[in-house]
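A.B. asks: Fit chain B to the known structure of chain D by using the hints.
Here are the chains, one letter per residue:
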Amino acid sequence: MEKTFLEIKNLYKRFKGVQALEDVSISIRKGELHSIIGENGAGKSTLIKIIAGAVKSDNGEIILDGEDITNWPSIRLFKKGVSASFQENSLFDNLTIAQNIFISELYKYNSFNLKWKKFIDNSKKLLRYFNLEDLNPLTLVSELPPETRQVIEILKSINREVKVLCLDEPTAALTENEIELFFKLLNDLKEKGVTILYISHNLTEVLKLSDRITVLRDGKKVKTLNRSEADKTVLHHLMIGRDIVQRKRRKKLYQNTKPILKVKNISDGLKLKDISFEVYPGEILGLAGLVGSGRTELAWLLFGLSTCKSGEIYYKDEKIDKLTPIKAIKKGIMYLPEDRKLMGLFLGQDLIINTTVSKLDKVSRNILVDFNKEKRLVLEILKNLNVKYTSLNQLVLKLSGGNQQKVLFGKCLFTNPDLLILDEPTKGIDVGSKEEIYELIEKLVNNGLTIILISSEIEEICRLSDRVLVMVNGQIKNVYKGEDINEKDITSCYLQTEKRE
Amino acid sequence: MKKTSQAATYRLKKENDILSNLIRTYAVWFVLLLLVLVMSFVSPAFFTLRNFITVFKNIGPLLLVSIGLTFVFLGGGFDLSQGAVLLLTSTIIVNLNPANYYNFVGSIFLCLAVACLIGLINGFFIGIQRMNPFITTLGMRYILGALIYIATSGAVVSAAIQSHILEALGLKTIFKIPIQTLIVFVILLICWFIVRFTVYSRKIKIVGSSIVVSKFSGLQFGKIQMSTYIVNALLAGIAGILVGSHMTYVIPTLNWNYDFDAITACAVGGISLSGGSGNIMNTLSGVLLIGFINNSMVLLGLQQAWQLVFKGIILLIAIIFDMQIKRTYE
Numbered sequence: 001m002e003k004t005f006l007e008i009k010n011l012y013k014r015f016k017g018v019q020a021l022e023d024v025s026i027s028i029r030k031g032e033l034h035s036i037i038g039e040n041g042a043g044k045s046t047l048i049k050i051i052a053g054a055v056k057s058d059n060g061e062i063i064l065d066g067e068d069i070t071n072w073p074s075i076r077l078f079k080k081g082v083s084a085s086f087q088e089n090s091l092f093d094n095l096t097i098a099q100n101i102f103i104s105e106l107y108k109y110n111s112f113n114l115k116w117k118k119f120i121d122n123s124k125k126l127l128r129y130f131n132l133e134d135l136n137p138l139t140l141v142s143e144l145p146p147e148t149r150q151v152i153e154i155l156k157s158i159n160r161e162v163k164v165l166c167l168d169e170p171t172a173a174l175t176e177n178e179i180e181l182f183f184k185l186l187n188d189l190k191e192k193g194v195t196i197l198y199i200s201h202n203l204t205e206v207l208k209l210s211d212r213i214t215v216l217r218d219g220k221k222v223k224t225l226n227r228s229e230a231d232k233t234v235l236h237h238l239m240i241g242r243d244i245v246q247r248k249r250r251k252k253l254y255q256n257t258k259p260i261l262k263v264k265n266i267s268d269g270l271k272l273k274d275i276s277f278e279v280y281p282g283e284i285l286g287l288a289g290l291v292g293s294g295r296t297e298l299a300w301l302l303f304g305l306s307t308c309k310s311g312e313i314y315y316k317d318e319k320i321d322k323l324t325p326i327k328a329i330k331k332g333i334m335y336l337p338e339d340r341k342l343m344g345l346f347l348g349q350d351l352i353i354n355t356t357v358s359k360l361d362k363v364s365r366n367i368l369v370d371f372n373k374e375k376r377l378v379l380e381i382l383k384n385l386n387v388k389y390t391s392l393n394q395l396v397l398k399l400s401g402g403n404q405q406k407v408l409f410g411k412c413l414f415t416n417p418d419l420l421i422l423d424e425p426t427k428g429i430d431v432g433s434k435e436e437i438y439e440l441i442e443k444l445v446n447n448g449l450t451i452i453l454i455s456s457e458i459e460e461i462c463r464l465s466d467r468v469l470v471m472v473n474g475q476i477k478n479v480y481k482g483e484d485i486n487e488k489d490i491t492s493c494y495l496q497t498e499k500r501e
Numbered sequence: 001m002k003k004t005s006q007a008a009t010y011r012l013k014k015e016n017d018i019l020s021n022l023i024r025t026y027a028v029w030f031v032l033l034l035l036v037l038v039m040s041f042v043s044p045a046f047f048t049l050r051n052f053i054t055v056f057k058n059i060g061p062l063l064l065v066s067i068g069l070t071f072v073f074l075g076g077g078f079d080l081s082q083g084a085v086l087l088l089t090s091t092i093i094v095n096l097n098p099a100n101y102y103n104f105v106g107s108i109f110l111c112l113a114v115a116c117l118i119g120l121i122n123g124f125f126i127g128i129q130r131m132n133p134f135i136t137t138l139g140m141r142y143i144l145g146a147l148i149y150i151a152t153s154g155a156v157v158s159a160a161i162q163s164h165i166l167e168a169l170g171l172k173t174i175f176k177i178p179i180q181t182l183i184v185f186v187i188l189l190i191c192w193f194i195v196r197f198t199v200y201s202r203k204i205k206i207v208g209s210s211i212v213v214s215k216f217s218g219l220q221f222g223k224i225q226m227s228t229y230i231v232n233a234l235l236a237g238i239a240g241i242l243v244g245s246h247m248t249y250v251i252p253t254l255n256w257n258y259d260f261d262a263i264t265a266c267a268v269g270g271i272s273l274s275g276g277s278g279n280i281m282n283t284l285s286g287v288l289l290i291g292f293i294n295n296s297m298v299l300l301g302l303q304q305a306w307q308l309v310f311k312g313i314i315l316l317i318a319i320i321f322d323m324q325i326k327r328t329y330e
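Protein chains in written order, with our numbering: chain D, 1 to 501; chain B, 1 to 330.
No wet-lab data here; the hints were simulated from the structure. Incorrect hints may appear among the rest.
Derived pair list, reagent style EDC-like, types lysine to aspartate or glutamate, alpha-carbon separation capped at 20 angstroms [what the hints assert, rightly or not]:
(1) D:223 with D:211
(2) B:215 with D:361
(3) D:117 with D:105
(4) B:215 with D:321
(5) B:223 with D:361
(6) D:223 with D:7
(7) B:215 with D:350
(8) B:215 with D:339
(9) D:359 with D:374
Excised from the complex, chain D in its bound form (with noise of 0.2 angstroms):
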């Protein structure tokens, strides 16, 4: 028991501009069940993706029972017994369940007879474990709801001879039955040997499960607990590193204004059903709720990207109809997308661009563009934002994820908004830049703009809003105020109305 089976040691990555990694070092017994907490972005998903052979390590050891196994590819790792199943859902939609069980099995590409039909009647005893046997094994991934699908990605990771599993955040999509069946999968394999490494934000999760937790901060190792040592608090200040910062809310009441931005019973036909709020002028309005409840969705119909089958839309007493997001920037609503390489930025152009680009009419003269105005807006917006770049010219791509982050913010205020939505503002980039960010949204809403934040990170949400609106499967299930604003209330609302369905 005491004998180190899995050793991970000094351990470094790096990815564009962020340390996920630095000098990490665990040693995992035999038949264990070892936990790795931290914050979002504390490197717990990219050590599981190295173990797991899915990214490579820039330096460090990895040794599997006295073997070296560092950078190995992940089939040559599956075979030795290491599997995993990792937060995004690694399924390949248009195949089956059975296909994507024992989607390993491909790589056998000099055999010509797979064997199917064992695998579909494999995938039936598997699927047994979470009560699930009516299930066709020759049903399509596509057609499964989140749930089931996650279920099916542990079930690949357990199917063939494991000696170490590890799995990033397991239970965020499933229902409360499927943890329940899932806990005893789990106390099955660790009766047979089975080594895990799980991922969890879930303190109760961990608590409850784990003989071992090790909590990572900002891409270091923090500490290595017995789970005797470990309660919550504990466990909360190694993951923060500081106590939680007390919000000062602004003493002001929006109410007794006009609302900016009144939205009356709208439904877009798919997601949005019945939706009525208000935004008043100078607020911060935290948009809670699972990934999936509508929140997005809700952001690009404001926006214009999609347009609603019913209800009203008032902004500044005006209605709106046929809501384009050329209109939108002209009338002063700005959307910053949850997805800056995807939707925000263009990774291959420089900042001038970047940030001019949804108001050329401000740099152009006529039919040209003002070069030396552009330049000097830019520099002058980009100053106020605190971006680090070597030259205006730089690629946007060669900046960090946090000043990206930034770009994109001076990109949605060079167009003046009055009613900015920002979809999750802090996705992916360090903590100093969080800190900045956040400072920024504060100092914005202080000179008179009104903040629609989505975000999935509640603390966030809870720091900045000063009215969180709680969103579930496209409905508007409740809201807070003031002081009613905290963390567990919120959570609770939106995760047990979801799981009582």
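C.D. replies: Leaving out everything else, chain B in the frame of chain D:
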């Protein structure tokens, strides 16, 4: 210790970037200069005013087609139909064979209108309806080719009576410089100006960089992309008029290489085939290189097939360059 070595690697990488950028920007001009130098020694007929005028005259239509294609490439599109447009307008102008100025202006107007219409159709299906540019323009190429074939029965079309005006446009010179070349030069300057300085070209480059991002940035990406196809077809139409007036006859089975030559010229010159970057000087360098290579081959007495071999090799080298640039993105 660790940090300094990292910083050093970073600096090294940056210097490499600057160097590769420099090579990238001027590589074609260097090659061109080298070619001119070598040829001047090898062939006495090469470095003469006459030869240079011939080269510039020969590349005229290709330059126009390539500039048009540059617009399409900048906007993230692709076009295979310019060769057919060129052939169509040259067939029309030769067939009409305008004998007086009224007819001349009218027939030019007709040619340009037809070209615009074709660009509009291409642009509508690709820009607005979001159809695949390869397939759409390939379809257009087939349709136009077949229409020309039906109209001419595949036979050579030639002007029945020599029209002076057409001849003037095709063959007249001012101070030894052909009128054609002057026209091409003026269009080159205009297009260079547009791409360099206008809001319109900025929008094209933005749309070409990423349709999705331009959608989120509030741009009318469909209309902008459509306009590039119109510009392209218009320039191919003008090139067709020049070719027709110069030759005064049209062989319906010939002149099909213009679109592929234009693609080669753009790629060699450094226009990104995936959209969003490049300028008219890139295009010019690519066209000049192809023009001078063709010319050198003729002067050296090599077969035409060898010209194709060299063109192919140069294209492959250009693509390798392009790939390397893209790899640094990832």
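A.B. asks: Please go over all the hints and tell whether each is borne out by the structure.
C.D. replies: Against the structure, the hints:
Pair hint residue 223 of chain D plus residue 211 of chain D holds up; C-alpha atoms about 14 angstroms apart against a cutoff of 20 angstroms. A hinted pair counts as satisfied when its Cα atoms are at most 20 angstroms apart, and residue 215 of chain B with residue 361 of chain D qualifies at roughly 17 angstroms. Restraint check: the Cα-Cα separation between residue 117 of chain D and residue 105 of chain D comes to about 13 angstroms, which is no more than 20 angstroms; the hinted pair holds. Only pairs whose Cα atoms come within 20 angstroms are accepted, and residue 215 of chain B paired with residue 321 of chain D is accepted, the gap being roughly 19 angstroms.
The suggested pairing of residue 223 of chain B with residue 361 of chain D holds, with an alpha-carbon distance near 17 angstroms, which does not exceed 20 angstroms. Taking the CA atoms of residue 223 of chain D and residue 7 of chain D, the gap is about 15 angstroms. The hint holds against a cut of 20 angstroms. Among the hinted pairs, residue 215 of chain B with residue 350 of chain D is consistent with the structure: their alpha-carbon atoms are about 18 angstroms apart, no more than 20 angstroms. Our distance criterion of 20 angstroms between C-alpha atoms is met by residue 215 of chain B and residue 339 of chain D, whose separation comes to about 13 angstroms.
Of the supplied pair hints, the one linking residue 359 of chain D and residue 374 of chain D holds, its CA atoms being roughly 11 angstroms apart against a limit of 20 angstroms.
In this structure, none of the earlier numbered hints is contradicted; all agree with it.
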